[in-house]
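Given next are the chains, with one letter for each unit.
Protein chains: 2
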Amino acid sequence: MKYNYLNNLPLDEAKSKYYEHLKKVGFTKKTETVPVTDACGRVIKDAAYAHICSPHYNASAMDGVAVKAAVTFAASERTPVTLTPADYTVVDTGDPLPDKADSVIMVEDLIEGENGNYDIISSVVPWQNVRQVGEDICMGDMIAPSGTALTPSLCGALLAGGITEIEVIKKPLVGIIPTGDEIVTPTADPKKGDIIEFNSTVFKGMLNGFNAESKLYPITPDKKDLIKSAIETALSECDIVLVSAGSSAGRDDYTSEIIASLGTVLVHGIAVKPGKPAVLGEALGKPVIGLPGYPVSAIVIMDEIVSEVVAMYYGKPRLTGETVKATLAKKIVSSLKYSEYVRVSLGRIGGKLSASPLARGAGVITSFTKADGVLIIPQNCEGIEAGEEVEIRLYKPLCEIENTLIITGSHDPLIDEVSDFLARRGAPFRVCSTHVGSMGAIYAVRDGLAHMGGIHLLDTETGEYNKSYVEKYLPDGNAVTVKGVGRVQGLMVKKGNPLNIKEFKDIKNVRYVNRQRGAGTRILCDWLMEQNAISPKEVDGYYNEEFTHTAVAALIAAGNADAGLGIYSAAKMYDLDFIPICNETYEFLIDKNYLDNPMVRAFLDVLYSDEFQIRLSEMGGYV
Amino acid sequence: MKYNYLNNLPLDEAKSKYYEHLKKVGFTKKTETVPVTDACGRVIKDAAYAHICSPHYNASAMDGVAVKAAVTFAASERTPVTLTPADYTVVDTGDPLPDKADSVIMVEDLIEGENGNYDIISSVVPWQNVRQVGEDICMGDMIAPSGTALTPSLCGALLAGGITEIEVIKKPLVGIIPTGDEIVTPTADPKKGDIIEFNSTVFKGMLNGFNAESKLYPITPDKKDLIKSAIETALSECDIVLVSAGSSAGRDDYTSEIIASLGTVLVHGIAVKPGKPAVLGEALGKPVIGLPGYPVSAIVIMDEIVSEVVAMYYGKPRLTGETVKATLAKKIVSSLKYSEYVRVSLGRIGGKLSASPLARGAGVITSFTKADGVLIIPQNCEGIEAGEEVEIRLYKPLCEIENTLIITGSHDPLIDEVSDFLARRGAPFRVCSTHVGSMGAIYAVRDGLAHMGGIHLLDTETGEYNKSYVEKYLPDGNAVTVKGVGRVQGLMVKKGNPLNIKEFKDIKNVRYVNRQRGAGTRILCDWLMEQNAISPKEVDGYYNEEFTHTAVAALIAAGNADAGLGIYSAAKMYDLDFIPICNETYEFLIDKNYLDNPMVRAFLDVLYSDEFQIRLSEMGGYV
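Quick mapping for you: the protein sequence lines, in order, are chains A and B. Position one of the first sequence corresponds to residue 311 (the working numbering), numbered consecutively onward. Position one of the second sequence corresponds to residue 311 (the working numbering), numbered consecutively onward.
Rather than coming from a laboratory, the hints here were simulated on the basis of the structure. Heads up, a few of these hints could be off.
One copy or two, it doesn't matter: identical chains are merged, so the pair holds either way.
To be verified - No more than 20 Å apart at the CA atoms, straight line, and that leaves these computed lysine to aspartate or glutamate pairs for EDC-like:
| no. | residue 1 | residue 2 |
| --- | --- | --- |
| 1 | Lys680 | Glu424 |
| 2 | Lys662 | Glu632 |
| 3 | Lys501 | Asp409 |
| 4 | Lys635 | Glu712 |
| 5 | Lys635 | Glu710 |
| 6 | Lys641 | Glu699 |
| 7 | Lys534 | Glu781 |
| 8 | Lys706 | Glu632 |
| 9 | Lys635 | Asp850 |
| 10 | Lys534 | Asp491 |
| 11 | Lys812 | Asp850 |
| 12 | Lys378 | Asp850 |
| 13 | Lys340 | Glu418 |
| 14 | Lys534 | Asp402 |
| 15 | Lys327 | Glu475 |
| 16 | Lys902 | Asp915 |
| 17 | Lys340 | Glu547 |
| 18 | Lys640 | Glu695 |
| 19 | Lys680 | Glu712 |
| 20 | Lys501 | Glu475 |
| 21 | Lys534 | Glu477 |
| 22 | Lys325 | Asp504 |
All values derive from a computational prediction rather than experimental measurement.
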């Protein structure tokens, strides 16, 4: 088996090596001329100077009559002046001033007399109620410097300045070539081993955000000659070429070799995680970039490198967006081998903005869908302690992040359902929920990291739920529990129960899938094991931990495990058999300060509504 | 002359009256189904649940061999385990795990032996190096709640979850009908009285930002039947109809009357400035909105009302964007009759974010092109003092605003030219320059409102420029002057000098146009008048004040005035004759703290460059 190790060039070195090369080979913008009426969002090549003044004539600023100001000078309440038709011209707003006039009297100030005469009781000064030539824009003034992205009002100003066409930078066309034998176009029903090709859709969306256009080429199998010819086609049609997957150094990874045969590979392997196996190359004066196949790795390279290559095309500095300072909610350990891009969710609780690290796996696209921003850990840093202040590069507007109800704790699909009800009601906030188990809820609420969290913690001595835990861990009474739902816990087993599992102690003889430490369901499991005198060693899969009821159900459905504890609604979703074990009390723990918080109130209003009770009964297993 | 006064309904009342009516008549979203591959940026109708898990099979997370973990348990450096071909299956990243395997050994950890055997010196545990079913997404999990705007990564997650098509909210189609006898399509060469129709381009750009599509109808003259039939056509084709201009109550203003004849007018006249003469109506269950003809008024109504109508269509709360706190740089007086929208530019000087009010005229589109945000002064407020903290709704990202070199002071076109050079060099900041005259520069630098400012202040006792002013107004030495340019000041007069103006004292006999108080050119004018024993009363137009050299030139070229003081480059731009009066020293006053500021350095580097000297000589009048 062939295995070539990649380089591990620090990101900054990789970038400057690559960008210097691209500059050297003359990679830069193309332009086109477009009507200004269609130019909004486009980037102008050269500075735009007004061709004409705006207004380009002396225009009445009001409805009224145009006069020579001098004829009005004597007017006062005691000495009205009478204007005869020879003295005035009726004008509407925007009308040109007659040459003999230099001011306008508003219609409201005219007192109608006979024979078309008007009396006035106050004077006007020259140029009063007149928009003089150039009031807004003077001919020759620079409306916008080179490289300006045109806003709606700038387009308006250009048109007002007599500019009808403008030379703009042509959006670079970026070719995307997905590669791989196992890759299939998106389908609802993939065969085992099929990998759904969604990366190119992510790239297309991101490129649009970079002000680039994209062209998607067909999926190319892992055959050198086919990939080579696809790249050649893309090079002849596009300004930048992205080759998706095959960028590493494995058996079927040809990207680097092929780019080298067509031009130059500057960098193969960057000390960034995720994203390491990227190829930065050039052919025919155009950037050809090999993106890693894992979506998260690819997104990091898109964000760090491709966005900057597009900015270089435009001749503008890359905008990395807003950053904020936040407090890290959880310790992160990082390797000295890489700079690491950790996606985080952000939440404002009280005054404090907290950053919670999300899943770090390179294959977890949902770590991006949930991310509010990214924390970049430099290569020379071994990690960051919880509580330290960190800088987060934002993916979403801060105002959206600030308006977030943060629910951290035990997993139940009902939280997502309530969020959806809120969204449908047009709630002016979003819900961000994280599944860290019931004990996680207690710590998060105690430490001010969440407004509320779901808990279902069995006190094995009293048989009562939650109360004793809250008293023990939050003894100062700063948090209270409010009614949630009753729900049925039980063993989920394959449809038809082929292993004939009847009660909890049967887990000894099958492959089990467990929940993570701190989860209410894990505490229940451990207590049931104690009751049945089962030790962890006797349970195959005790250390196989998942974070949600649906993840446990999915593994049983897939055959990775035979049984696992969970709630009925998850078993139903996966068409599993369900052996009820107990009813439990799932409540919400809420920081007292947020009991009257409008987001918390709105959440509970939905939860307690009749409409939502119907949804719960559809989901099943709530009592 | 007909004149109907408008109502003056407070904005909040106008909005709630209107929105309640629109709700009552059932104004809401339409939907369509689109491929997820094309859905980025679209808003989903219902919550999206994963159809399949991702991965949907147990996938190798590495290149290597798949094994049953149990066969590896004994492996250590001292007791290597030999894998025979029967024990393993070669897998690449993403390959499905064979049914008998539950883990993967990385290729790096395999020691090649004979006959296809591999030795290993460490064990793997079940599911190590395997992406188990549902690692990223579990079937049935909610990927996004109703009403979510799809980001690139959300589109990826939907596809990964087996969703290939999705019902999204159809972008509302907004019809735009420009009206007015005097309105012409954009042209570089309008006739006197022609008003260039640029508002619809501004609306189109704004609507795009609201996630709406627009359809532009032909310009309709001020004829009731034509406007009515244009609205009827738009109503039959669009979801929302905008009628541009004619929304007031003047002679040719029919919008309100026509909408009433087709449906209902809920509001005519809103207590907001600019923007008052808006019409909020409904016909056939669709919003029909009459927008004021003045661009700034129309933009305020677009921003406040139309954006919210579009949000209502989507069933989502309107996002008004980020706000920041800033210190007001200049007192604003406002009327109790309106809530007022004051455009401001923002600048961070030292630690302080300052907001400077821009031109408040309803016709000044450039007040929007220069605006970083808007300050909303409530109706019950008479104004705000300089130095007060105000809340600004941002139009631009704060990171862009923070990276701004602020130049406040005397006008010279060279400042725009240097900005353009900087932009072409890809400078990572923008330049914001405001023309408040040389004395304005002194105050702005003294008060920490600008990094620097241009000054040309003649000491009439010594004949020296700038020095004595800086010593007097900035006695603590916190600011210094640096070299700018020498330039020629003189009288600008119409081409061919028809009034035969020869020297400064000739302004007594002509119509003069002056500069504002505090401008260096005004100080020069006043000194020249003193020298020539001319009093302000003797100068026709002494109180006719403009803020820039080009504005003065434009008025002379237009015939509004016969003469004005200004610099040669402005006269040249307008093809005026120029009677030189003196050479002056135009310098930059810089706060000492910013002498080494990289933005200030980059500005001066351009100014002093040989390349820029060539540009100055093209402009003319610099010595």
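Verification of the hints:
1. Lys680 - Glu424: Intra 75 Å, inter 48 Å, cutoff 20 Å: neither.
2. Lys662 - Glu632: both (18 Å within a copy, 18 Å between copies)
3. Lys501 - Asp409: So Lys501 and Asp409 pass the 20 Å test across copies only (15 Å; inside, 81 Å).
4. Lys635 - Glu712: Both: 13 Å inside a copy, 16 Å across copies.
5. Lys635 - Glu710: both (16 Å within a copy, 17 Å between copies)
6. Lys641 - Glu699: For Lys641 and Glu699, the Cα distance is within 20 Å only inside one copy (12 Å; across copies 38 Å).
7. Lys534 - Glu781: For Lys534 and Glu781, neither the intra-copy (65 Å) nor the inter-copy (75 Å) Cα distance is at most 20 Å.
8. Lys706 - Glu632: both (9 Å within a copy, 11 Å between copies)
9. Lys635 - Asp850: Classified as neither; 44 Å inside a copy, 59 Å across copies.
10. Lys534 - Asp491: The answer is within: 12 Å in one copy meets 20 Å, while 66 Å across copies does not.
11. Lys812 - Asp850: The answer is within: 17 Å in one copy meets 20 Å, while 105 Å across copies does not.
12. Lys378 - Asp850: Classified as between: cross-chain Cα gap 14 Å, same-chain 100 Å, threshold 20 Å.
13. Lys340 - Glu418: Answer is neither: 55 Å inside a copy and 46 Å across each miss the 20 Å cutoff.
14. Lys534 - Asp402: between (73 Å within a copy, 17 Å between copies)
15. Lys327 - Glu475: neither (38 Å within a copy, 42 Å between copies)
16. Lys902 - Asp915: within (17 Å within a copy, 59 Å between copies)
17. Lys340 - Glu547: The answer is within: 14 Å in one copy meets 20 Å, while 38 Å across copies does not.
18. Lys640 - Glu695: For Lys640 and Glu695, the Cα distance is within 20 Å only inside one copy (7 Å; across copies 45 Å).
19. Lys680 - Glu712: For Lys680 and Glu712, only the intra-copy Cα distance (15 Å) is at most 20 Å; the inter-copy one is 28 Å.
20. Lys501 - Glu475: between (52 Å within a copy, 19 Å between copies)
21. Lys534 - Glu477: neither (41 Å within a copy, 39 Å between copies)
22. Lys325 - Asp504: neither (34 Å within a copy, 53 Å between copies)
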